[in-house]
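Participant: If you want the building blocks of each chain, they are given just below.
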Amino acid sequence: MPDLTKPTQAWTLTWDADWVTSVAFIGSTRKVAAGNNLGGILVWDLPEKPGGDAPKPTLRLDGHTNCVSKLAATPDGKTLLSASYDHTVRLWDTSAVPTGEDKIVLNAMAIADAERRKNNGAKAPPAMPATVGVVKASTAFDAHKEWVVNLDLTRDGKTVISGDDGGHVIIWDRESKAIQKRWQVKGWAYALALSSDKKQACVGERFPLVFDGGRHAAIKLWDTSTGEATKDLSAEFKGMHMAAAAYSLDGKVLAVGRGGESDGASGIVTLLDPANGKKIKALTPGHISGLTDLAFHPDGKHLASAGRDTVVRIWEVASGKLVSEVGKSRGGQFKDWIHAVSWSADGAWLAAADMAGAVNVWHFSK
Amino acid sequence: MNPFCRTGDHLSRRAFLKGAAVSGGGLVLPNWGGLAHAKTAAEIASKAKKRCILLWMNGGASQIDTFDMKPGRPTGGPFRPIQSKVTGLQVCEYLPKVAAVADKLAVIRSMQTHSPDHPDGIYHMHTCYKMSERTPHPELGAVIAKYNGDLGSDLPTFVRMGSCGNAGAGYLGPAHEPFSLGRDGKLGSFSTPYLADDAEKKRADLFRFVESEFAVDHKAEPFASHRTAKERAWRLLRAKAVFDISKEWPTAKERYGDSDFGRGCLMARKLVEAGVPFVEVGQENYDSHADNFVCHKANMQLLDPAYSGLLTDLSERGLLKDTLVIWMGEVGRTPGINNRAGRDHFIRAWTTVLAGGGIVGGQVYGATDADGKDVKENPVSEGDLFATIYKALGINHRAKHLTGVRPVWLTPEGSQPVKELLG
Amino acid sequence: MPRVRRLTIATVVLAALLCGASPARAGDESLRQLIDSEVKAGWAKKSIAPAPKSADSEFLRRVYLDLVGTIPTHDETVAFLADKEPKKREQLIDKLLADPRFARQQANVWDLVLFGRNPGNIDATRKRDGFKVWLTKQFAEGVGYDKLVRELLQGEQAGSELFQVQFRNQPEEATIAISRIFLGTQLGCAKCHDHPYDKWTQRDFYGMAGFFVRIVIEEATAGNVKTYTVAEKASGEVLFSGAAKDQKPGKKGDPVKPRFLGGNDLDEPPTPKDAKEPTPKAGVKLPKPPFSRKQKLADWVTATENPFFAKAVANRVWAQFMGRGIVHPVDDFQAENKPSHPELLNALAERLTANKFDLKWLIREIVNSEAYQLAGTGSVTDTLPKHFERARVRPLTAEEIVLTLRTATSYESTGKSDDQSMSPNEYFMRAFGEPMNGMGDFQGSLSEHLFWNNAEQIRVFARRKKGNLTDQLLAATDPWEKRVERLYLTVLNRPAKPTEVAKFVEFIKSDAKPDGRVEDAVWVLLTSSEFRFNH
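Chains as they are written, first to last, in our numbering: chain G, 68 to 433; chain W, 11 to 433; chain F, 60 to 594.
Worth flagging that the hints you see were computed from the coordinates, not collected in a lab.
Take these hints with a grain of salt, some might be off.
[As the list claims (entries may be wrong)] Listed below are the simulated BS3-like cross-link pairs for lysine-lysine, each with C-alpha atoms no more than 25 Å apart in a straight line:
(1) F:K304 - W:K140
(2) W:K410 - G:K253
(3) F:K524 - W:K212
(4) W:K229 - F:K105
(5) W:K229 - F:K556
(6) W:K229 - G:K212
(7) W:K410 - F:K250
(8) G:K287 - G:K266
[Said to hold, decoys possible] Over the 12 Å line for every Cβ pair with chain W, so calculated as not near, a few chain G residues:
(9) T96
(10) R282
(11) W416
Backbone N, C-alpha and C define an ideal beta-carbon position, used for all residues, glycine too.
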């Protein structure tokens, strides 16, 4: 198993058209997909070993018209799912042949920015062109009528749970898109996770008014067969907006994380026992200004958390210890976000979706 | 820079000096001449008796995410525009009901103002004067209360609830001070008598007796003012039932939306219906330096039914033509999106909306550039906006008062009502 | 010279000739006599019939409020009304001027003049107990007004510095306030353009501002307490760039030499070429500059030759008791705003100067005059009669209301006497702090009357509590008629009229349990306009 105490930065995959908001490795390959704030999706095929020039993206998946909030791939690597603010979840055949080609400049915004400030002596960086195959074919799951903010996939890749800003949580069959169960939470859904045995779901909900009595935030456990809430965890997380939830591979631990924006190192990961909702432990230090994503490591023993402070933290679940910090905060008055993280199937690679307009790829040697 | 002293405007000293009233230590300076000038204008305005509701978007609503969409632009954000009832006017997808009453709205997209922060912005957008001046300017509500209100009525003339202005009645004096309600319409402090009704009445009668005895030999003005104010307070306490909307709310909330702000809007309608000339309803909170889009999306889900519901209600009851409804906050928000997913304060180009009260609806006035970074045409200042508002309400926007020996006008010199808005 | 003076001199000379004594000088008549002769001359000129002399009870209440900021007690009232001594009013005045509460009342009045209800830099100036202690001490010790003002302008005595903290970093605001308060001159308009009809130009404004531009307010924090020091730099000039309407961005100005208002440029040694301003260090106070403009200004303002100073304060003190200034508005001396009684104003100013600016002396003269002691009754409806033909009406300040409620209801006898509640708290300030509009007219407000009607903080004075007025009235055993008379003498400091007695007795007896009724009766008098104003 890779040594998680020693991350090395493999590459920064620049793509600065807008914030990179989601990222997922595809199956057991070294292909990694990332989505951005405008609805674009690019796919890179990473070299076997880190080092050298950053690989260029090979594919662009066109279809979404608004932010791609979440990406997930089936374990067999055949299907990529993308949730979007355009009210759809799209399913992409990862082996689809592109129908066209396009030339893009990966750092176009940086160049345009330098152009605007050239009177102040700013120099444009060298362009980073790439030629991508364009895939336009996808199927859409369109039962959502609001921003789809999150989705999760069972380990066998057969069942999907997705949630939206209308508060609707839908469990559906990935192949047929048939809806198996749906319910509505109070307010908007956000954090979302489905247990491997499909029996339980964890859903964070909120109505993010400011200084208004109608403000709401809660997190609950749900029985997926009845669509009823079985445990309200709000006592532990009073009024907190929970941005991410994830079940461990053996289903014994449920990790939840507090989102932002909240003051200080408040983006704390809390480990719970999904059987009874009781708190096991809290992992500190928390992410400054809030946590954004959680991802369990394929080894079943470790957990990655990302937040609004540009740092990814790797934790040992059993002890709660901080194993390593990946990346460094960029400093400044407000830290920048890592929107999402994803592990490769062999656990040696970590990809982080960076708001600055890039995918940061880290490698862990064995 | 002192904007309210222009050499040619000063009257001769002689014209000023008439009567006098001075506080204990000879502190404040009086002038009946100015008062007489204002009284005449007030009488004229009060015959028209137009009313005004201010929907105050506390914190500063983002114009690019509401009424001045920039689809496809880097500053556009994730909201998409929808077509409103009015050709050429698009609004945010999260204001569908407002879109359906767009024929009533005059959207001013070219606000260009001068106070960028909250305390100064709130003051400036309530008084149309900068906060740094040591003159105690009155809020819009106090001015309207004075000119269009009837101090003899049972209800206060300037009512507000939720977040609101910070300037009060200023030099117009405490007779026109705001009367605050709780966000659920509950009356403010000291609104509940501790005596039972009949004891209260007996006590009031004894008071009137004592006053009439005193008035036999004591005829100076302040005594009458004191008595009048007390009677006014008693009338208000007796009229408290007007503030109770509990019976109407179950049906009304279908239209207004089940929220404090929605309830406030219904209260505003009831109060202007009962003759209150000015009501302000504040909505918290639009100051989204972080997470701008989720903040505005949630706020618009409250704003949409309440704002449209209010306009529809007023219209159905034939009140809209005599009731001006203002939608504004203290500042707009930056076209650029920061790294907290937020928008910061922006005063160079933003939006306010007027409706009713004779305003020509279904139009857009002024425009911003492609990214919303500047005003392209027809900039509107605070003074221009207030001049337009006062003109719509039948109030002389250059009416002059005195604070000490210094003349002050309701709007700064150079303020012009916008003709296109007034028709 | 006015007719009257000539007549007086002629009469005196004539009398002297007739008596064979040497002619007395015109200046031998007391100020109070001069006040009356001038005021009477004014009536004669306009054929005005003045109000009669005040009743004893009217005078008693009025002079107590004006001099010590509260009303007399029941016993003090009864004693004064029963006293047959012909000089009892003069003796009462002497007694009140010697009362320690006189200093407190003067401090309250002048604190309001110096700060208003909404002073600049309000976070620092809102709570100014230290300043009030200093100010009260000046009045208690009879410090001459010229010395008091000098201390305010120097700001070197502990407590006095807070006056200038209002104008921190705002020399223009300091210019306007100090000219208005101590020189009775409105310079505000001249900040942006030459005054429209008065003689002051922008040059005059910025000439005065030059005295304040070097002031630095230093701040030190010890625990939770902030202390301030009025320090002064050795350099720094006011830059003047022309009329406000001619301003353009980037247009800097030229330095303006300080100039005494209506007087000469300041004579100051040139700054040595190599002089450097010491760099401010945290915790280290600025040294005194070799040449202090601040001191020069303080000297000039308070000098006996200063053409504005004595008249401004004499006028202000006159207005404090008589309602209107002889120049009105009280801080607006200018060519087109002529004094209503110019000779009187001159005499007040001259004599005050000759008496070393002893305000107590001036006040004694004013309140002993017949003009001050006119009745408040009659047909004249002016709040502040222009010819002083009737006593003026003024609302009690928030400070006076709190003290008067306590006195009227024997609040101290209930055992509650912490000094905190002797000053108006936030609620009292909100209800009574600013009852005027921008033009100085009194306006009753909803918030004031809701407060009177429903607040527990008002009710606490009227509700029966052992030892207080309501309790005394309920515990007494004499007939209700007698008790109502006692009520009126205690709260309104006058005997009740028979109609009032009858009505109140009827009211109290209308309920088998009189507790509530007596409480309400007390409340009615406390909330009446007779109580609310000084008249």
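Participant: Hints first: check each against the structure and report whether it holds.
Facilitator: Hint-by-hint comparison with the structure:
no.: 1; hint: F:K304 - W:K140; result: holds, 17 Å
no.: 2; hint: W:K410 - G:K253; result: violated, 54 Å
no.: 3; hint: F:K524 - W:K212; result: holds, 22 Å
no.: 4; hint: W:K229 - F:K105; result: holds, 21 Å
no.: 5; hint: W:K229 - F:K556; result: holds, 19 Å
no.: 6; hint: W:K229 - G:K212; result: violated, 72 Å
no.: 7; hint: W:K410 - F:K250; result: holds, 21 Å
no.: 8; hint: G:K287 - G:K266; result: holds, 14 Å
no.: 9; hint: T96; result: holds, 31 Å
no.: 10; hint: R282; result: violated, 8 Å
no.: 11; hint: W416; result: holds, 26 Å
Of the numbered hints listed earlier, those contradicted by the structure are 2, 6 and 10.
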